[in-house]
Amino acid sequence: MARHTSIESTSNRRWAIGFTAAAAFLFVLYHWIVPNSPQPVHDFVQGWFSNANTNEMIVYIIMALGLNVVVGYAGLLDLGFVAFWAIGGYVAGWLMSSFLGNFQINIFGNPAPGLEMGIHITFWWVLLLAGGFCALWGIIIGAPTLRLKSDYLALVTLGFGEIIPQVFVNGQDINGFNLSNGTQGITPIDPIKFFGFRDLGPFDLDYKFVIYSVICAGMVMVSLRLRSGRLGRAWLAIREDELAASMMGVPLMRTKLSAYAVGAFAGGLGGVVFATHINGVFAERFNFSISIIILAMVVLGGMGNVWGVMVGAIVLSWINGIGLQQLGNTINTTFNTDINFPSFNFLIFGSLLILMMIFRREGFIPEARTRLVMHEHDRDNEEVQ
Amino acid sequence: MANALQADAITVQFGGLVAVNDVSFSVPEGGIVSLIGPNGAGKTTFFNVLTGLYKPTSGVVRLGDEIITARPPHIIAKHGLARTFQNIRLFGLMTAEENVMVAMHSHMRSGILRTLLKTPHQRREEAQAHARARELLDYVGVGRYASEYARNLPYGDQRRLEVARALALQPKVLLLDEPTAGMNPQESAAFVEFVRRVREEMHVSILLIEHDMSVVMRVSERITVLDQGQKIAEGTPDEIKSDARVIEAYLGKSGVEGGR
Ligand SMILES: Nc1ncnc2c1ncn2[C@@H]1O[C@H](COP(=O)(O)OP(=O)(O)OP(=O)(O)O)[C@@H](O)[C@H]1O
Ligand SMILES: [Mg+2]
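Residue numbers (our numbering), protein chains in the order written: chain A, 1 to 385; chain B, 1 to 260.
Be a bit skeptical, because a hint or two may be false.
Unchecked claim - Result set (DSS-like, lysine-lysine): computed pairs, CA atoms no more than 27 Å apart in a straight line:
no., chain 1, residue 1, chain 2, residue 2
1, A, 149, B, 55
2, B, 118, B, 55
3, B, 55, B, 241
4, A, 149, B, 78
5, B, 78, B, 55
6, B, 78, B, 118
In short, the hints are calculated from the structure, not lab data.
For reference, chain B alone in the conformation it holds in the complex (with noise of 0.2 Å):
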């Protein structure tokens, strides 16, 4: 199968320290792919590198056939690449909807001259962008809070919004760093059903990086472990649950699993 997203012998160093050590990984078109790993891992540094915010130290980030290794994270976004993150980072004070719409950015035309004479094709635009950002708010749930501030929303409901605004892009990746974090077990469990939903309906691969082991092991097709910033394990959901060295590492060294 082709690969929608792979990256190859990615290493980041932040001076002496070796975040990610040599990491190749792939996400086949269509699938749902893990990354887990300890505390410090090295799991949003390579997603960082994948988004073009980190310049990795070597390495290659493809993208369908696009090399998009370091370039400017607006131009990987618009190539499709959109992520939500690990501490929300909404937009806080615009709404909802504009949250929305500011990823619809890249897909949109209209610049100064069109916008101040409200051109036919802006306001087209505009309200299209405006449906758009509605069925999307409807789509994973917060349609309600559509003109409220990103920051008055409940936490739970602060991460849809992130989804939301994350396939506002039109993603052919989606990548998902912690999005059950602070989510009670049945939020999670729905949250599983969602994701294969997203997959389906959006025809997105979708990559996250996840700490809840119930998730991990209901969503994934196959999961991959980072530990130091090395891979240690790879495989089917069965083949992670009896790798001697992931449960070591979860287990022997740290003991954080299902941390936060």
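This is chain A alone, in the form it adopts within the complex (with noise of 0.2 Å):
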């Protein structure tokens, strides 16, 4: 039985506090718990849940939910994600940082001293400017390829999700003007001021995690109104039938095209979070594998379920981080044995997505709509009687 009204009206408010508490339990443990706790108990957490994997893991949900938008809500396969995160993380190495030195501006900045010179302007911003120019991308991506049938529009994101990794990677001298600084990268970024009166450097993670989950409960409000909203309503009408959802007056170009800026513009607020977390911006990070996991989290937590979603971004992105590393270690002294456990990952994530398309479609908590769309039979589009 579904009943969908409450899930837009009801939960509204629980998962709000829902998140709130479970965000303030972590700050808590790993401002105050961890480290006025034994060497073993401390020694444990920061193996195998570190606050800086769990910062990452927020990166991860806020791209995952970016891209649930465009996969789950919309139907539109993208393979390249991996694009925005890289142009996010950009748009902060230039803009909050002394790596653009021929200008100095500084618009509510906080560069550290001694960097003064370049761009600095205030992490808030950044992030929306990111987004924006993210979606941007998106848009010009988009428009073009959205015409395509599915199958030729994966390729077309694919290519993208390629090219402009590799942009960055030899973006060091474009006919003399220095883009990227190549492998390199751009380090560090500014500090983010914390609500006035703390400069958060690369070892406030505790304080940092504070900020990124506002972001990252910011993009789950985003998800859910949306959703429950006009557009939510013709993404999905456009996913579980595009012929009749152009035929009840929803224009197709421009709802997938806003399916996908939104979608980048996650893309983007994940880059800039990521930057800040690492203190840098490394093109080499960004390859396709990123996208892949990715869009592995938004399989396997179900297509187009917010929650499920964030499940699954949280599992994999522990998974990626540290779990199979920390598996791999435990096993190989525990059974004296020399396996390098993180190789294998591409080939956890790989088999892992080809056996969900096999078995579980629908992924591990799916909505119940996307588990019937799964198992149904493909339906034809071409003809329409």
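Join these two chains into a complex; the hints should help.
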């Protein structure tokens, strides 16, 4: 039995409370409990659930929620989502460091002492600018390609996800202009001002966690509100039956583009957050496997379902970040073996995706709607009867 | 009388196959007219041209005074041409209510920002859309399924839901493609009444494709007969009933009258 109205209204307040509670717990854990714990507890938490990994997890949740708009809501396949992560990261690199030294601009910025040249804009504005810039790129890439059938769309996005990071890898000399500092990347990034009283540098992971959580909560809210409104219905209608949607007055191009733009915006947010998290932007980190991991988060979590996608992001980013390594170490020491577990990462994610596609296409925590769609034989969209 | 919808000399070719051949046709304002013909006659193809899905090889379609030939489907829909589908095409995994609300898209304004900010305008618009959707669901008699996924509805109710969704577009002309397919005689009889009621209360002109002759003869003011893409007859039910070419098309060639 589907009770959609309950999804939007009653759970709205509940999720906010649950989310805040979880974030508060983690903050207290990392800020107070762990530092004041005996060494073994400290080592255990930092080994298996380090706060660096938790922050990265938040980045992945933001990214996955963004991709969920494109893939889960609107049903458009995107295999190059990492491109937006990269672009968002570089926007942070350009606007929050001394890298563009020809300029000296400071808009509520927070440059570290001695690094005042370059552009320094406050983190919150950079978030919006990066999101907007990525949304623009989403539209640029989407406008010519969204007319294509989904297979071709997948190919084009795949190419986009390959090309953009390559541009940054090779971008230290574009007609004499240094766009990206090549493989050396851009670092350091300006510290974030924590509500005006503290600079958050590379080691303030716990306070940064609070800020990232706020952004993540914002993205959850965006996902839920858009879903329950006019645009969300149009996205789902397109996912369900594109032709019928257009004949009910839904403009296909514009609606698909808006899904792309919103997804890309979230990708940009994730990029900025990640840049401040690792205190830099490094082109080589943006590779295809990231697009696939994020896609796996959306697919595994149950396409379209915000909570499922969040769980998918948490689990997979943990496996990808430290889980596999730690499990491997444990196994290696226990059985006295010497297996390089993290090197099986792709094998695991790849097999997982394939197995999911075969046996549980709707993900582990599916929305009822996706479950039904996925197990239905593909409808023939060509001939309208 | 003015025509709500007028199609002039429509021809549609698929490669070598001429699915619709030089067919002219009109729906008078406030009228109920039918398009009939044996299987494969080109009826659905004709609908697809009217609704902008197919570009006709030649010919012009007018909705009111507006030329809508080959304009994008969503524009045509917005201008007031709504349809149902021969094979039901609901948004299966959206609720019945949401299905109806999708069709209100072009009459609503709220974009991304208003939705995110939940502005008073957006909330009012949503509330109105919800209320209107409930009304329409009740109107066609599937109100109790409002929160149910469309694909979980019984077959006949899915057809009703399609009508509700089409009405949500506030159409001037409503195209129904075999709306009684799969209905039993009682349901079909009730449907005839329903179509008349919709015409009166929703102020729409109705064009239906129908195989069930008892429905066609009772509900239509005028009937057009297609056979192999050609218009072979046009007239009142009585004229059509006694038209030799129609009888031949139905009985002589394929004998599929009352088929599905
Ligand atoms: N997209 C298409 N491509 C090629 N041929 C098509 C296409 N659509 C329809 N046709 C052909 O055009 C002819 C008319 O089909 P159409 O569906 O319009 O018939 P119909 O009158 O609706 O029949 P039915 O009563 O079975 O619904 C058929 O021969 C059909 O195969
Ligand atoms: Mg047909």
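Verification of the hints:
no. : hint          : result
1   : A:149 to B:55 : holds, 19 Å
2   : B:118 to B:55 : violated, 40 Å
3   : B:55 to B:241 : violated, 33 Å
4   : A:149 to B:78 : holds, 25 Å
5   : B:78 to B:55  : holds, 18 Å
6   : B:78 to B:118 : holds, 25 Å
Checked against the numbered hints listed earlier, the structure breaks hints 2, 3; every other hint is satisfied.
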